[in-house]
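Protein sequences, first through last, are from chains Y and X.
Using the UniProt record's numbering, read the first sequence as starting at 1 and increasing by one per residue.
Using the UniProt record's numbering, read the second sequence as starting at 1 and increasing by one per residue.
Read the hints as simulated data drawn from the structure, not as lab findings.
Among the clues, some could well be false.
Here are the computed lysine-lysine pairs in the BS3-like style, where the Cα-Cα straight-line distance is at most 30 Å [what the hints assert, rightly or not]:
1. K174(X) - K211(Y)
2. K222(X) - K427(X)
3. K174(Y) - K211(X)
4. K139(Y) - K176(Y)
5. K174(Y) - K174(X)
6. K211(Y) - K211(X)
7. K176(Y) - K211(Y)
8. K139(Y) - K174(Y)
9. K176(X) - K139(X)
10. K211(Y) - K174(Y)
11. K211(Y) - K176(X)
12. K174(X) - K211(X)
13. K139(X) - K222(X)
14. K211(Y) - K222(Y)
15. K176(X) - K222(X)
16. K176(Y) - K211(X)
17. K211(X) - K222(X)
18. K211(X) - K176(X)
On a predicted model such as this, the values are computed, not experimentally measured, just so you know.
2 protein chains.
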Amino acid sequence: MAEALAEETEREEEDYRLSGELVEEILDAVEQEDADRLSELLEPLHAADIADLIEQVSGHERREILRLWGRQIDGEILTEIDEGIREEVLASLPPEVLADAVRELDSDDVVDLIEDLEEPQQEAILGALDETDRAAVEKSLGYPEYSAGRLMQREVVTAPEHWTVGETIDFLRKAKWLPDQFYHVTLVDPGHHPVGNVTLGRILSAPRASKLIEICEEEFRKISAYQDEGDVAYAFNQYHLISAPVVDEDDRLVGVITIDDAMSVLDEEHEEDILRLAGVGDESAISDTVLETVRQRLPWLFVNLLTAILASAVISIFEGTIQQLVALAVLMPIVASMGGNAGTQTLTVAVRALATRDLTDSNVWRVVRREAIVGLLNGLAFAVVMGAVAAFWFSGAQLGIVIGLAMVINLVVAALSGILIPLALEKLGADPALASGTFVTTMTDVVGFFAFLGLASVVLL
Amino acid sequence: MAEALAEETEREEEDYRLSGELVEEILDAVEQEDADRLSELLEPLHAADIADLIEQVSGHERREILRLWGRQIDGEILTEIDEGIREEVLASLPPEVLADAVRELDSDDVVDLIEDLEEPQQEAILGALDETDRAAVEKSLGYPEYSAGRLMQREVVTAPEHWTVGETIDFLRKAKWLPDQFYHVTLVDPGHHPVGNVTLGRILSAPRASKLIEICEEEFRKISAYQDEGDVAYAFNQYHLISAPVVDEDDRLVGVITIDDAMSVLDEEHEEDILRLAGVGDESAISDTVLETVRQRLPWLFVNLLTAILASAVISIFEGTIQQLVALAVLMPIVASMGGNAGTQTLTVAVRALATRDLTDSNVWRVVRREAIVGLLNGLAFAVVMGAVAAFWFSGAQLGIVIGLAMVINLVVAALSGILIPLALEKLGADPALASGTFVTTMTDVVGFFAFLGLASVVLL
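Looking at chain Y on its own, in the form it has when it is part of the complex (with noise of 0.2 Å):
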């Protein structure tokens, strides 16, 4: 029974991954140029799942299931299909293929797919579309990039203030289009400023005759259209809102969030942070080619052969001292190294509570003390046990104190920069992921190599 359980949780749980035996048999269908199997292969998945298909295929499959398949490639796909390989998969569509594709597509879709193409393209796409639609596809891209006013749809489900229930329940059903999705109908004064939400749930369980001033949700936030996406997503997550109407300067309604595109930004957020705490271009996708991928990694390598080069000099001063006592070539990288890790420990803690609003001018001295402290003990802690192991490897107990005392050094200092380098990018306005942990690594490797082989050059020679 428990085992007939784990089977069935298995089983489950492969379901969101397309099966390798299916990606075999689509491929199997391209190779063989049979493009009924394939489109009935392909036919059952949902458009994500096809997208994903399409990105992490070779680029041979991928221009081959395209020229096979791409006449029945749907608006839903092209929107889920990665920046990377976007353009290159819109340039091999049939230009009434990617008409009727956009064309069935919400405007913030629409917006989504265009809005980082080249203009040719985007003017390729925007003609596609009917006057209205296009209007409003032009207007949300006058918003900044990464702002509420281009995560937003333009459709609103609104009612006028004093509406009743069931006055409202009417207009819905005469209705000529609604969109697919809606959680709230949001009331709007004569100016067209939103004044509150209802849910639908609430529409459905009340009365005809009750007014839906009356039903209200407590809670209610508007959105302005300039704020920063990473804002929304987070605002979002915070306050578990599920949709949210868009205002412009004359806080006016001009369109609405819903929560599953808050939920896309802040997965793309994420993605973001731990990339660039890596070092690695924020773009980064599984489609990329080896040279896309080199020019993505390359300028954080070079940065960090500078900052290692640094270290390196540090080094050479003590050239002498180690040429004396080589025993310290042996053990300085281990200072060096523990002072990286402690650095990116506190670093990463940092970042995320940064990304959280936990970390906020209220209790920032609090946080860095209570680092400095814990690099403190840590230091002390490994100087104890450090110190026992050099003394001992090396027959010197004063082979030990030196390397204890730079490995307490070290980890304060890796505490400390730790919090503050992200700290004053933050205070800066740059990312505080960004950089931050070539930055913290530098310093724990120039003061771990100095420490140690100036303390010793001091205490043992």
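Chain Y is already provided as a structure; the job is to place chain X on it using the hints.
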């Protein structure tokens, strides 16, 4: 105008952070023991913001806030409070306050609140619930930790599959109790198996005579109660789900998961990944004390110490070589550092791609090959640069060749270990983020030192 706009944006962006002044005022009120002023200041805040405040202040301030204002705490605030201090907060509340607070919560929130508590505290809270609620919570607790069964809410709005829109609206209007937020009416067959979802928007806009079964959403995904919550979050993000029915082993409806809970899980999973990659216990929180923080970080630093000592042991093999040519000691950290960085780049991309299901059986070898070639190309690039630098610095062409060769070797090893180690962990059923950073840098340190010093001892001496 543009300036006014910028100001507006600035002001809006501040909104999601507790302002420093407000926190000051709150702490002033606490210091003056002015409970009325404190209530007045906290009252307008969102539960999530109050929870953040309680997390961000010092331990002493927290106890004072709870003493002065704890009787006004509600269930929503309790569920928002970080696990790290939840026990402390719950223990500080009078039993009747706690009982009132939990009675207003949905079953998923009660489960979330108590699942990590000690037995007696759990018992106390369960005891406050009425018989039905208690049974529901206990049934959820019967599912494994981090499963859909724990995440779901047991209160589902269902309708028999033969109902019409009119019957459904009449039923909803008469319902004594409905969830605060629900997005679908789930159709069930007589065996209580879910057969479809109807969005509230469609129910509102369809004629009363329409059959629910005819206006079902096309896409219908059920979730097994035993599914891992991380997979559930992935599915919500991948398929843009808003709510999904949860079923037991017999495919019977047992609950529903909504997107706001999935979004929280996605956020937590990211936190876990980023913290684990940095070697920080994944429960790290801003409210942790110095000792809790030391306890989280020390074990990983200890592992790092062992690997650093291993790298030192490699160096010590070549003590004689270094003694003859101290330039080697100056240059060797560069090779190790470049390897460590390149390995971390690859590792991070791999961990992220595994999390997003972009790295699959179908493309794994192509990605491994890509990484190896990228490592080789980066290695060649930096071999030339660093070879030239070393040759000039220490006036020795051979030294330049040695460091160049070592660089190529180490960057290829870095690329391979950066991708193969997380893949191996994943295959073994472990979290690919966990400890893989340490494995990778151990590889690059050991190989870096060995290749550089070994080649030097052969070529130069």
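Quick rundown of the hints versus the structure:
1. K174(X) - K211(Y): Holds: K174(X) and K211(Y) sit about 18 Å apart, inside 30 Å.
2. K222(X) - K427(X): holds, 26 Å
3. K174(Y) - K211(X): Holds: K174(Y) and K211(X) sit about 18 Å apart, inside 30 Å.
4. K139(Y) - K176(Y): Holds, at about 23 Å.
5. K174(Y) - K174(X): Cα-Cα ~25 Å, so holds.
6. K211(Y) - K211(X): holds, 28 Å
7. K176(Y) - K211(Y): Cα-Cα ~24 Å, so holds.
8. K139(Y) - K174(Y): With a Cα-Cα distance of about 28 Å, the restraint between K139(Y) and K174(Y) holds, given a limit of 30 Å.
9. K176(X) - K139(X): OK: K176(X) and K139(X) at ~23 Å, within 30 Å.
10. K211(Y) - K174(Y): holds, 20 Å
11. K211(Y) - K176(X): Distance ~20 Å between K211(Y) and K176(X) Cα, so the pair holds.
12. K174(X) - K211(X): holds, 20 Å
13. K139(X) - K222(X): holds, 19 Å
14. K211(Y) - K222(Y): Within the cut-off at roughly 22 Å; holds.
15. K176(X) - K222(X): The given pair, whose Cα atoms are some 27 Å apart, holds under the 30 Å limit.
16. K176(Y) - K211(X): holds, 20 Å
17. K211(X) - K222(X): Satisfied, since the Cα-Cα distance of roughly 21 Å is no more than 30 Å.
18. K211(X) - K176(X): Measuring from Cα to Cα gives roughly 24 Å; hence the hint holds.
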